[in-house]
Amino acid sequence: MNKKYLPALVCGFGASVLTTIPGMESIACCLLAPIASGISIFLYKKSQPGIYKIGTGTGIVLGLLTAIFAALFASSFEIVITYITKTSDLATSMPQAEQVVKDMNLGQAAEESIKVLKQMMSDIQSKGFSFLYALLITLTNLITYSIFGMIGGMVATAIINKRNIH
Amino acid sequence: MLLTEIKNSANIIIEKKLSVTFLRLLLLSLLIIWTIGFLQPALLTQNNFLSHYFLTKIYSRVCHQESSKSIIIANESMLVCARCAGIYLGALIAGILILFHSIPELKVKVFTIAVLPLLLDVCITFLGVYRYSQTVAFLTGLVLGSIVYLFLLSELENLFSNKIHKKE
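Chains as they are written, first to last, in this note's numbering: chain P, 1 to 166; chain A, 1 to 168.
By construction, these hints were calculated from the structure, which means they are not laboratory data. Note that the coordinates shown come from a computational prediction; the quantities given were computed from them, not determined experimentally.
Lysine-lysine pairs mimicking DSS-like chemistry, simulated, CA-CA at most 25 Å apart:
no.: 1; chain 1: P; residue 1: K162; chain 2: A; residue 2: K17
no.: 2; chain 1: A; residue 1: K16; chain 2: A; residue 2: K107
no.: 3; chain 1: A; residue 1: K109; chain 2: P; residue 2: K46
no.: 4; chain 1: P; residue 1: K115; chain 2: A; residue 2: K57
no.: 5; chain 1: P; residue 1: K4; chain 2: A; residue 2: K163
no.: 6; chain 1: P; residue 1: K162; chain 2: P; residue 2: K3
no.: 7; chain 1: P; residue 1: K3; chain 2: P; residue 2: K46
no.: 8; chain 1: P; residue 1: K118; chain 2: P; residue 2: K102
no.: 9; chain 1: P; residue 1: K53; chain 2: A; residue 2: K163
Produce the entire structure from the sequences given, and follow the hints as far as they go.
What follows is the structure in structure tokens.
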């Protein structure tokens, strides 16, 4: 396996496991993905003693990879938990979501949107799985984790490179 | 011959300066948008249900949004907790202050000093030694956010100046 993938995979998996621990989110907040990316770059540097300086591009890519792995694993865990419990956060925000769709004054489209939302909810409650829900969770996780992962990657690269200089 | 070389060097310097300023402005603009987003409940006086719902959903991916840990402005709870608000506002303040100045030399020690108070606050609060304080969380976030922003900016500027250097 490429030496870039292994630290990203390990740290991404670790971060995703942490997201499933109740209360962990209130401690780690938005720092989980950046910290995971930072550790991933640190591990990459450790695995390649010949490298004196890590390029910013490599840092960004490693951060992004870690975030992607974290997002994919975190989404998978959330999907599995939804499958077991047959409930999700969506159930609590369903009335709000309906109100939002109605407020948009989309006419026929609003009715269709509410239908889709209700279908999604009933799928989750009966089968424990909804393809649309899984897709939405994965996409939002991918976007937010990727941004924070890349930021973490860049900051970690700067710190690790400066540590080598001083 | 010499004049052309001077002209070329001057052009390169101007190009570098412009790209750095553009980068800083771009980053600052993104930060302002992000900050306005989580301050939305306080900024919008009318009951804007739609934007509130969508923004709450967006920020819920990066913050737990516990109302007891969120700053309250004008009887409205912000969309991120005090610590996150501190981090983002710290970055914003650093971004404004550094806009037309060069980044000071950053050492790892600076980062350690910035991150330690936040880590200590998180650990001590978690262990129950003292009760969670919004002010402490906000201030520790503020320090970390500003330092992290400077590290991020220095790395981005390195990346861009390397690209310009390669183009030459």
